[in-house]
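Visitor: Going line by line, the protein sequences match chains Z and L.
For the first sequence, the numbering used here gives the first residue as 1, with consecutive numbering after it.
For the second sequence, the numbering used here gives the first residue as 1, with consecutive numbering after it.
These are computed hints drawn from the structure, not numbers from a lab.
It cannot be assumed that every hint is accurate.
Given that identical chains are not distinguished, each listed pair holds provided it fits within a single copy or across any two copies.
As the list claims (entries may be wrong) - Okay, derived cross-link-like pairs now, DMTMM-like style, lysine to aspartate or glutamate, Cα gap no bigger than 20 angstroms in a straight line:
1) LYS585 to GLU611
2) LYS333 to ASP200
3) LYS614 to GLU586
4) LYS371 to ASP431
5) LYS642 to GLU611
6) LYS151 to GLU82
7) LYS112 to ASP189
8) LYS112 to GLU629
This structure is a prediction, so every number in the text was calculated from the model and none was measured.
There are 2 protein chains.
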Amino acid sequence: MQKFFNPASIIMIGAPRNTGPGTYNGIETMLRYGYGGRLYPVNPKADHICGLKAYPSVAAVPETADLALISVGRDHVIRALEHCIQAGIRHVIIISQGFSDADQHGRQLQEKIARLSRASGVRVVGPNTMGVLNNFRNLSTGFIDLVIPAKVPSVSLIAQTGLIQVASQNFAYRAWGKAIDIGNACDVDFVDLLEYFGNDPETSIIVLHMEGVLRGREFLDTASRITLKKPIIALKTGRSNAGATAALSHTGSLVGDDAVSDAAFRRAGIIRVRNNLDMAVAIRSLLRFGELSGPRLGVITATGAAGIMAMDAAEDFGLTIADLPSGLADKLKHGKPDWIHVGNPIDIWPLGMIGRTYGKIYQLALSALLKSDDVDAVLSIIPDFRSPLHPDTEVFDAVRDARKEAGNSKPLAMWVYMGNAATEEKFEEVDGVACFSSVDQAMEGLSYCRQHHQILRRTIPSQRHFPYDQRSLSALIKKGREEKALLGEDALRFIAAFGIPITRGVIAKTWEEIKKAVVSLDYPLVLKVTGRDFLHKSDWGGVTTNIEDISDLHQAYQSITKNIQLKHPQARIEGYQLQEQAIGKELLIGLKRDSHFGPVIACGLGGIYTEVFKDISREIVPIGRREAEKMLTSLRIYPLLKGIRGEMGVDWESLLETLERLSFLATEISDLAELDVNPLLVDASGCKAVDARIIW
Amino acid sequence: MQKFFNPASIIMIGAPRNTGPGTYNGIETMLRYGYGGRLYPVNPKADHICGLKAYPSVAAVPETADLALISVGRDHVIRALEHCIQAGIRHVIIISQGFSDADQHGRQLQEKIARLSRASGVRVVGPNTMGVLNNFRNLSTGFIDLVIPAKVPSVSLIAQTGLIQVASQNFAYRAWGKAIDIGNACDVDFVDLLEYFGNDPETSIIVLHMEGVLRGREFLDTASRITLKKPIIALKTGRSNAGATAALSHTGSLVGDDAVSDAAFRRAGIIRVRNNLDMAVAIRSLLRFGELSGPRLGVITATGAAGIMAMDAAEDFGLTIADLPSGLADKLKHGKPDWIHVGNPIDIWPLGMIGRTYGKIYQLALSALLKSDDVDAVLSIIPDFRSPLHPDTEVFDAVRDARKEAGNSKPLAMWVYMGNAATEEKFEEVDGVACFSSVDQAMEGLSYCRQHHQILRRTIPSQRHFPYDQRSLSALIKKGREEKALLGEDALRFIAAFGIPITRGVIAKTWEEIKKAVVSLDYPLVLKVTGRDFLHKSDWGGVTTNIEDISDLHQAYQSITKNIQLKHPQARIEGYQLQEQAIGKELLIGLKRDSHFGPVIACGLGGIYTEVFKDISREIVPIGRREAEKMLTSLRIYPLLKGIRGEMGVDWESLLETLERLSFLATEISDLAELDVNPLLVDASGCKAVDARIIW
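Between the sequences and the hints, there should be enough to build the whole structure, so can you do that?
Guide: Encoded structure:
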């Protein structure tokens, strides 16, 4: 990857002859951007381009360049790539469009490019890309004339578009350090670049723009490793259904279910943002602050109103307002009228105005908050009047001196209203200061640093191994694979083989068989009709509960049979499922194989409210006990599971183990598409699967 | 009110002698801001202030000024106010702090000010205020030296702080037209000012900052009238519990429950925003666009990636992506390679780059979208490269010409990335164009205009009148008022008097009474213990359901009695409630008297999930059928009420009427504090209240 970002020499195949306005000449824009290496335009129709000698072919170029850019019509790209390979070039960026982003022919061309790349070992970025930006080396391979940034932060971008690389002022903090547009990603992809930036000393924060996922599991594994050292921020678009369709036609990549992306990012410790403004806030605060060790904020404002706004925003972003350090109120009020309130938020206006000691009071408050062990970060909401009449409200020096006094780099988030970019730059000269455009953005920024702190300290899931009887499963697996599905008793026996508790039951075809089977079961019982024609059994009068004895049972058998024959004469009764009746709260647990990230485990509220409240938590498999616990505690019904108002909670241990066993099942039987246990009934005595369905 | 904003003369009591940096001299700042009226500083220790003659007292001023500003220590304020009253001054702004914002003494002083104001008819703004800003007349009574805005939009602010008035660049669009800080609002409040700005030809949008509500019902009525003509935008802070506490100590105003504020604002047609950035977005889009007649967007982008972002954001903000106007794809693709996709969003980059006709293509696309009857607004996401190499991507002229071609003012929301303030100003010279900082903000802006459209067309609730027997209620009302509550059968009979269906039941004290009562009821029955000691009956083994006959009933009676005697010997059984057993979905309906807005009606999911999912909708009383319907359809459980998977829905008519009757009850019995019907069981045959509780 190094050569893509630091090439000593570049050849450009398809360099335009014309230069100047409207020509989008990559040679010209690279030169203007200050590229310091050797540059070889290849264009058989030109002698010189931008004062550089032009070559008729790749072969004619006098050295084997570190990097080749290809910008020719799509049908000429493969030939150009072949020329690069023949010339011994190892790194190629294909700028041209019209591949998997376009039509069937384009997809075929792209597959051929990928094959050439694999066969030759030549690494290819693109096609359909603006290429690479490296502000540490004044390299910009895109054909847009960009402004060279004054300061270069150690933030690197991997995107599936050129938009974000180009529009750094809208997405980044000041600028990107390095950026790459992977385009259609026929070869170089997120995993390669994460690996590179993960080890790159010039990169302290990695930012991703993803429309689709590529090599999902490797992506997760790589990202998981890196986020234990550096933050990764991701803007995953195509969240909406409509967006997902567009992603398909746009880069030819597949967009998965958004909830799965959330679970995957969480697993990998990736911080997700929703748009360009959030991205800029996240970068700024992570770069300026790093991690935030606790949620407790000290707040200094110049108006009570802003203090209230800060409290609202703190609650929104999971932060808290710290207790005022003891003794500080007295110090601040010293010599002031009695009626002045001092609390946190600290309103410094009346304190500072009476006696005209605004700057001093500000510094006193700030340094006390920064020093306090009960305060994890400070938020300051102050005006920059920029008037000759109000020099007394300037607090640059107070901020600098308070920071020195405190002797630490605790985050100081500021919203300097009425200020401008210069105000912010000046404050940000002080270590550990970041400026935001609103109270909410400041809180949002701090919340990312809080996330980062927790991500750095997270534990890696360790899935338990459970013994199971492979032989008893093999017939069920065979049947499942053949029929693409296992239902009812089959599915229950399948999960039971992995130690997941199920309600005891049998399948019987006749009343005689039912009578015989019932002796092995305990009342009360449930009788259900079975058969392919009965998807929603209860709608059809095909279920009877609360069967207390053999006469109840016979009555149930007769009424179910009659019901079905009367109401749905065309439906075929394949049999009757007789089950011990379980009681408890209705949960749902399940597995779904995601095409990118593999099996995903889910649990949540079952029964009639499943679809209505969608109270479901999801985790990427594998999970350990800790993740199982997190899945349950993050549910809204968690208080009901734990037991409220003195009511007994459910059997927690059995529920956790059931989730762990389901995760283990998913890793052992790797070709399942979907598995649903619904309902799983759970009470204080344990949990029991009542119905299940498995799709291969 | 007019005199507060357009005073021909102002006297300032407590004008400082000193001027210049750090003095916060209101005379100086008013003069610098260009106030053109007559100005009279009152200060017995000064001859001249800022070149103006200073007067020793109010009485010495040679005219009766239109407006007086009082800025003296809090203990001198009342005397100053009395002087103003004596001098015949009718409008006073009290800038001084230390009143209900401070302590008990301050509260007493403020009450005295209020009494003086009421008795004399002199209108008072404040205390604890920065006063008034009127940019149409260069009037700023605050003591901060502000920048005079170049353009003055017709947007007026009413705030409970000076922050927003001063920090217009952070909260407004360019500037405020007029602004007022009502401070502690001892006299002039939101209602007065809404009335004034509602009729003010210089105000087309009203913006509110509220920490607490004052005169809630009058506020709602006034706002409801105005929002049928002009949009009202509100930032209501103190959302969090912590924030609510701070509001209490900050302006002495009470902050109600945030959900009630939501319901109240909805009722009044007020558009609620969450922070300064949202406020600025709302103002900008409402000012530039007015209303948005439909949700269908045409999108023009220069990158596919931004198109996907637009789709995501549209879904987030309840807007949709329009179908591409027929024929437009062919027109745009004319002469371009076959593989170029044209859809909505329209990616104009490949279309514009091939053949170098970017501006033309942009104009073609934009005017077609603006003209189309299937497109309600256009979102354009384009770069402003600001490079001499890319003049071809400038689309100022294209925007202007397309607008002219289309001949309408359909909203055109733009995100011009890489641009700056000048870019935005230039685009906004075109009618009906507004620029935003992100795709999300553009969508957010359009969504406010969509809200405004719907608010303008909303209907005013008309509550039905239901006949009821006042005499049969009077005993219950008497008991309720005396005991501060009605429970069980009493509460049920109370609501039954208003025609709300209840399950039939009786209260009995002994087994003999139970036996006698049962003949009037139909099995199955429920037996419950009653008494003050039993708040959560079912936790105590005090409820038996499914009683099918007299022997079941006797068994239930014995087991409940034994249960209670055994487990809670100290609890007193006051009686037994015998009810017909109802079935159906468990809902909850109720009333709560809000201290600001009066009775609020609520309905939602009852039973064990009530607290977990909080699926409750609220409306301010009165409601009519339409609002009742909205309350039910906005619930997440609405699909279950309507019936899914062929299951029968509940009796819709009976449920709607029950809500209407409850609203009517609330207006008739005006001294209820709370009323809960929980559960209300509802199925296809109707709904029935099973338990109720009323608090006076």
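Visitor: Output the numbers, in ascending order, of every earlier hint that fails for this structure.
Guide: Of the numbered hints given earlier, those the structure breaks are 2, 6, 8, listed in rising order.
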